[in-house]
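Could you slot chain E onto chain X? The hints should help.
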Amino acid sequence: GEDVEQSLFLSVREGDSSVINCTYTDSSSTYLYWYKQEPGAGLQLLTYIFSNMDMKQDQRLTVLLNKKDKHLSLRIADTQTGDSAIYFCAEDTASKLTFGTGTRLQVTL
Amino acid sequence: GEEVAQTPKHLVRGEGQKAKLYCAPIKGHSYVFWYQQVLKNEFKFLISFQNENVFDETGMPKERFSAKCLPNSPCSLEIQATKLEDSAVYFCASSQWQGDTEAFFGQGTRLTVV
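Read top to bottom, the protein sequences are chains X and E. Numbering of the first sequence is given in our numbering, commencing with residue 91 and proceeding in unit increments. Numbering of the second sequence is given in our numbering, commencing with residue 1022 and proceeding in unit increments.
It should be emphasised that the hints constitute simulated quantities derived from the structure, not laboratory data. Heads up, some of the hints might be wrong.
[Claimed, not checked] Computed, partial: chain X to chain E, Cβ under 8 Å:
hint: 1; residue: Phe99
hint: 2; residue: Gly132
hint: 3; residue: Lys158
hint: 4; residue: Ala175
hint: 5; residue: Ile176
hint: 6; residue: Ala184
hint: 7; residue: Thr191
For each residue, glycine too, the CB sits at the ideal point set by N, CA and C.
In isolation and in its complexed conformation, chain X is listed as follows (with noise of 0.2 Å):
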């Protein structure tokens, strides 16, 4: 099947670190993306990782990849309120994406 799972929720305090998990299934991937998608609004991208390597780290944004576990996460530093959104992993598969289930990410005072 070509189901990309992620957690639900994540609520975390105004300044701590976020950490948002998605497990994938195509092997086969060569790239690896974490989009943004705020209410009413479409997808941004906010990174992205070649299967080849194992971190990337963008300011604030850090993305690690396993890929025996076929798992790959976002860690978002010093989160702020403005990071409150959902978001999506995705994986390409024969030239389209495949989503995620999302993940709402709350950011509280």
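Using the frame of chain X, we list chain E on its own:
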């Protein structure tokens, strides 16, 4: 344009009516993708185009759904005889080439079938 433009933002149709959604990809992008996001946030791939040619239509329902990308016109997604379960947000995305690491998404069209 520099962004993917989808129209209309909202569309309400009675069951059985036709719905037509439009997408103008970013100028210079050869690939266009349509995705359907249903109420539980699940994204479903529908169809992709390479210029005006269908590239992958494995996600398109066999009946009632059709799509086109004609030269010098916005791409379109048409649903004949809409059903309640067609209610969703339909996103269009474009990318420069196959395997491009970034597909740019439009803001979506929210279709409500009543």
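A quick look at each hint next to the structure:
| no. | hint | in the structure |
| --- | --- | --- |
| 1 | Phe99 | violated (11 Å) |
| 2 | Gly132 | holds (4 Å) |
| 3 | Lys158 | violated (23 Å) |
| 4 | Ala175 | violated (12 Å) |
| 5 | Ile176 | holds (6 Å) |
| 6 | Ala184 | holds (7 Å) |
| 7 | Thr191 | holds (6 Å) |
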